[in-house]
Every structure is written in structure tokens, then in C-alpha cells.
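Enquirer: Listed here are the chains, written in short residue letters.
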Amino acid sequence: MKRRSLSRTVISLCLILFFTLAVLLPILTMLTRITPAGFRETVSSPQFLPAVKNSVLTGLTATAISLLLALAAAFCLERTSLPGKAFFGTLFVLPMLIPSISHAFGLVSLFGANGFLTRLLHLKGSIYGFPGIVLGSVLYSFPVALLMFTGILQYEDGMTYKAAEVLGIPRFRQFTGITLPYLKKTLISAFFAVFTMIVTDYGVPLMIGGKTVTLSVLMYQKAAAMIDYDTGSVLGALLLIPAVVAFLADLSSPEHGQSGFVTEPVVPKKKGTGRIFSFLFCVLVGIFVLAPVFAFCLMVFETKYPIDPTPTLAHIKTSFHRGAGSYLGNSLLYSLIAGLFGTALAFFSSYLTARVKGLFGKAVHLISITSMAIPGLVLGLSYLIFFHGTPVYGTVILIALVNSVHFFSSPYLMMYNTLAKVNPDLESVGLSLGVGRFFIVRDVILPKVRYTLLEMFVYFFVNSMMTISAVSFLSPPSPKPLALMINQFEAQRLMESAAFVSLLILVINMALKLTVTALRRRAEKAGA
Amino acid sequence: MELRLSEKLKIEGVSKSYKGSGGVLSDVSFTVGEGEFLSLLGPSGCGKTTLLRILVGLLEPDSGKIFKDGVDITAAKPSERGMGIVFQNYALFENMTVLQNVEYALKFHHIPKKEARARAEKMIEAVGLSEQIKKFPRNLSGGQQQRVAIARTLALNPDVVLFDEPMSALDVATRLSMRKELKALQATFGTTMIYVTHDQEEAFALSDRIMILNLGKISQIDTPEAIVKNPADDYVQSFVLDNLQAKVDSLARFTRGKEGAP
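Chains as they are written, first to last, in our numbering: chain A, 23 to 550; chain B, 7 to 268.
Bear in mind the hints are in silico, worked out from the structure with no lab data behind them.
Where hints are given, some of them may not hold.
Claimed, not checked - EDC-like, lysine to aspartate or glutamate: derived pairs with alpha carbons at most 16 Å apart:
1) A:K502 x A:D465
2) A:K184 x A:E286
3) B:K113 x A:E324
4) A:K470 x B:D240
5) B:K141 x B:E127
6) B:K189 x B:D214
7) A:K443 x B:E100
8) A:K339 x A:E324
9) A:K184 x A:D250
Stated by the list, open to error - Residues from chain A that face chain B, not an exhaustive set, calculated with beta carbons under 7 Å:
10) N445
11) D447
12) L448
13) S450
14) V451
15) S454
16) L455
17) G456
18) V457
19) V466
20) L468
21) P469
Just so it is clear, CB atoms sit at the ideal spot from N, CA and C, and this is done for glycine as well.
Make a model of the complete structure from these sequences and hints.
Expert: Laid out in C-alpha cells, this is it:
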């Protein structure tokens, strides 16, 4: 028994050491670059205050719109008998599969100076600046908020509403008295999560911000373009603030996952005008969500968008001539390594915290969910400063590592929740039968959680394919990933290639997602 | 009735406490005879499950010793104790069929494949599941799943089997038939059985002796008859006997009515 707790301690310490090296030390190294003088200089520079104002204003506006849209869409999906529910459910999360910069690029190609809709509808005014940042950020964050809301609505107990009906409580009062209080915590979490996501993203404001420079763009300009790491570190530390607040807010709310006991799900009414309204609403949201993707298709497959609509495959060919193929190769390699390494790491960590527990279990759990609070830009700059001059710097490994750490929390929590639900006595039974923990994990637990493992892999893979934040500081010198080419192609006015790259990332991610979903469905059917 | 069995297990001054809470078990000592059926009876949180896990080696006691056949096994690994345990939630391997569940552990004990298969089939037959041998746990009823768990444990020929509230998830009718089967299995294999339950009726129906635990201490350990005749303290009287009497009384009203009918 002493031996068992020893190996447990050794594994825990290895994980803690890993996270210290891969998360804590890089961040601390970045923070130690901040000097009082540097801080004063940064905050007193003429760009600073406008950037803070722009970030807060665009962030709050986009968060409000995104949450309202997502809440309404979640109600349509979960509380009405909307026709085509599964279709809309899938459609609405499509934006999660393309980089944030692509959303903004889609908006530019639709509403920019030469945009498809600008010409078609003779639109006046400009999409660049505040409206573009807000719209792009809404597109990018909407699916995240939607998943949070549908997740919580799915687990609401229908019995409460039946009881309310019997007690004669009117529908509106049911909404204000039952539904809203039930959603309160999720609304708060979603607000912080979405606001942080928007404020720390630089893809949308970089592409469509024009003269409206946000904090994240300023940080990118200073640290990545002008190689001013000291100012970058100050701005990075400031960007950590909303992220840390969001993290603490999430940590203090006890309802992680679906607690409570659902006796029966809420069943939407079959008839009524609500059904038609929600259908129309979902069609509109669907058009909004799909518009950038639609624009990419036009640009890639038309000879000269928006002037000559003759179908062609020439743009795909020229994109490959411009190097899209080799960047794709880089991205696939990064994503594959991050997928495999990240999944293995997340499995070991969650196995330790969910099933072995012990002295260091809590520490590993806390570190594991902390990576969620670190914006990609900050992580990227930290890695640049910390790993500069080490053998991994400029290699494929460093990018794969930064992606594994950056996207670690969600897959970790997926497996943590799954493992917590697996029969707690399996390992004990094994021990009493003379079958060691390793064999029980290999022969019983891994087969049981294999689809969660697959989903974790897909999460790491998909996000590594589309991330532009941390990697922008590390490549070059590391080989460039595909997503970073969107900005580069656009800057060179190679719009078709930028659109093709966006579309390519979407198609690869979608194919992977659909395959895993189909596999899981088939297995569930076979198991039923 | 005095039981005269050779001593199988001897527990000496076992104590266990968890950080943050008080003592779970304090200075527990008792013996279990060869082939005996001993029930550990007590309310939730009295330390029954902790005691069972210490016996099988899944938990380490803070102090005290455990002897089996006169050998100190306090520090032995669970697999070296020759004991099996059946859990309340069965803990079956869901990705394996009934046969694979029973057969799985045998290969870790260097039993040749053919022999392992034959032994697993024999055990499955003994618990009456031969027709379900190729089914997965999800396609079995609660009672059938419990039988698989028992067969899996017995397949390793343990001379002591521990049961942790094995029937609490079963319906009343299944429980009654499982009781009979358990006694029959004990008669067939001569296994010593220690059975944790919070159900007084079950303890009285199954046991050679009952150990009543309260707040981590033994209130009384004796045969059912002796407990009924001489309850050791108020706790045994109120928790065990009064509750049991209430059940008997409520049934008696109907049986009296039946007998009294013309």
C-alpha cells in the first residue's frame, strides 16, 4: 500500500512539474519583465487609453448581442418543437470550426469597400472599426454561448413546470420565477467567458478593426510586429485581468457540470405560433452565421468575385502554388501532435484527479483548469520569452506544446466528468481479484471512455488547426501554420487564397467532427 | 446457541479515522469462524463499509492487526489475502460478456486458458446464468448482474467472501430469492461470508452470527437468538429489535385476520 501511494505521488509530482514548466514559469517570466517605469510608459502612451476604451466598448456590446442571440436560439432549440432542430443545432456551431480572423475576413468580403453585399445593395458607410469588430466577435462567440445555454436548458427538470401548471402559475411568471433563476449562474459564467473570449481575441479586430485598435491588437503590434516585449508584457498582464476574473467567477460557482436530479426533461409543446416564430428566427440566425462561409465559397469558386461569377477551380490551384499545401502540412502535423499529446496528458491528469485523488489531486485539478484563464496571446508571448534560446525554440514541438496547454482545460474537464461517472469500485474490484490498476484502466476503463477520448482528440486537433493567437509569436521561427496565412494573404490582397484557406480549415474540421459524431451515434445505437 | 468453529479470521483492535472527521472505527476486535456467515449490521456511517474495506485490503487501518488462519495479513496486498468482495453497485466490466467478466481475472493468476474457461462456466452455472453467458451486463436484470459479480468473485476460490450491501439495489422479491441462493452457494463451496447490511431482517434471516456496529464500535456480536434474548444495550434494543418487532407486528395483523376468519 505504501508502494502504491508512492507511485501515485511520483506521477502527481511529474504532472505538477510539467505544468510548472509549461504554464507557471513562462507566465511568471513574462510578468517579471514588467517594471514600474515600463508600466508607466505603457499606460501613459497615447494609444493606451483609446485601446482600453475600444476593447471595453466593443467587448461589452458584442457580449450583450451574442448572449441575447444565443439565449433566444437556445430557447428555440430546447423549448420549442422547431422543425429541423438537429440541422439548426449543427449549423449554429459551425463558426466554432473556423478561426476568428476568418469571420472578420468573411465580413470584409461581404461588407467591405468591394464587398459582395456592398455592391449588390449599394450600401453606404463602412464595416471597418466598431461595427465590424462587434459583428465579427458576435459571429465568433455566439456558438460558445449557445452551447452553454443549450447545455443547461437540457438538464432542467420538467417536473417543476408541471407543478407550476397545476398550481396555476402563469407562463410569464414561470419564466421569471423558475427559468431565469435557474439560468442565473450560467448567464453570469457565459457573460464572463464570452467577454474574455472577445477582448483577448485579436483576429477579428486585426482584420476588420481599421483605425479602431483594441488592447489585444496593440499587444500583437507591439510584441509580435515591433518586438517590444516589455510593452507586450504589460499589455499581456492587463489582458490576463478579465481572464482571471472570469476564471474566479467560474470557480466560485458550485454548479460545475450538471448537478441536481432530473426526473423528466422539459417537453416542448407540439403546436402554437412559437414554433413558426422560432423557425423564422433560426433561419435568420442561420443566414447570419453562414454568410461568411457563403462569401468564402463565392470567392474561391468564382473567377473574379464579385465581378465575374464563372465557376472555376483555378484559385485553389494558385493557393497551392502560393504554399497553402506546405502550410497545411505544418498545421496537420501540429494538430496531430497536440491532439495525441494533449489527449494523453488530459487523460492522465483527469484520471489522477477524478479517480486516484490523493494529496496532489486537488493541485493538479486547479492547475489543469487554470490554463483556461490564460489568453492565447499571453501564452504565446510567455513562451517566446521563456523558451527563447532553448533547443525546442523554433521547432514543431514548441507549437504543439503551446497548443496542448492552451486548449487543455476543456478536454480535461470532459474526461474528468466522464471518469467521475464511471463506477467508482472498478479499481477496487480489480485489486481484490488480483488485477492491477493498469490492467483495469486498459481493459475496462479505456474501452468505456473511448468516445470521450476521441472527442478530446478532435477538440485539440480542431482548435490547433484554427488558432492564430499563441502561434503568432512562435512562428516564425517555427514553421507557419495554415491559419496564420489568412491574414498574410489578405494583406497581400490575395483574397481568394485567404478565403480558400478559411474554407479548407472549415472542411477539415467539419469532416473530423462529423466522422466522430457518426462513430459515436453508431456505437450508441449498437449499444442500445 | 454457542458456535464452535475453527477460527478463520481474527481482528485485533482495528481503528481507522479520516482527516477532518472523527473516528470511523475505534478499537474493533472480533473473530470469524471457518464457514461462518457473519453479518455486520448498523446504520449508514457506522463504519461497516470501512471495516469491510480494511479486511479485504483496500484500506489501511491506522492501528490494529488482522490475522487469517493465524497469519498476520495486515500489510498484505488485496490479491494476496485469498478474499473476494462483492460490491453494492456490482462494478461489473461493462464492455465484457458474462463469461468474460468471470474469466477475466483468472488469467492474472496463471491459470491455463482451458481450465479458466471451464472454471468460469462452472461458476456461471452455479449462479444459474448459463443461458446468459454471452450477454453483456447492460442486458441483464439487477439480480442477474449481482449473480455475475458473485460468480466473478467465487471463480478465484476465495475462502472468505465479503459482501458490501449487495442487495440494496434489488427489489424485494429478487432479494428473497437471492438470500436462498447465497446460502446455497455457501453450503456448496463452504466459504466464510461476511455480509454488510443495514437491513435487520436480512441479517437475521441469513446469519450464523450478527455483529451490530454503532458509531464505529461493536455494540454486540452474537447469534440472532442470543441478540433477541439478551440485547446488549439500548441501541441494540431500539435500532435492531424494536424495528424488527414493528415489522413482525404489522405482518401479524394480517396473518391474525386470516387465521381468525371462519
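Enquirer: Confirm or reject each hint.
Expert: Do the hints match the structure? See the list:
no., hint, in the structure
1, A:K502 x A:D465, "violated, 40 Å"
2, A:K184 x A:E286, "holds, 10 Å"
3, B:K113 x A:E324, "violated, 64 Å"
4, A:K470 x B:D240, "violated, 49 Å"
5, B:K141 x B:E127, "holds, 13 Å"
6, B:K189 x B:D214, "holds, 11 Å"
7, A:K443 x B:E100, "holds, 13 Å"
8, A:K339 x A:E324, "holds, 13 Å"
9, A:K184 x A:D250, "violated, 61 Å"
10, N445, "holds, 5 Å"
11, D447, "holds, 4 Å"
12, L448, "holds, 5 Å"
13, S450, "holds, 5 Å"
14, V451, "holds, 4 Å"
15, S454, "holds, 5 Å"
16, L455, "holds, 4 Å"
17, G456, "holds, 3 Å"
18, V457, "holds, 5 Å"
19, V466, "holds, 5 Å"
20, L468, "violated, 9 Å"
21, P469, "holds, 4 Å"
Hint compliance for this structure: hints 1, 3, 4, 9, 20 are not met, and every other hint is.
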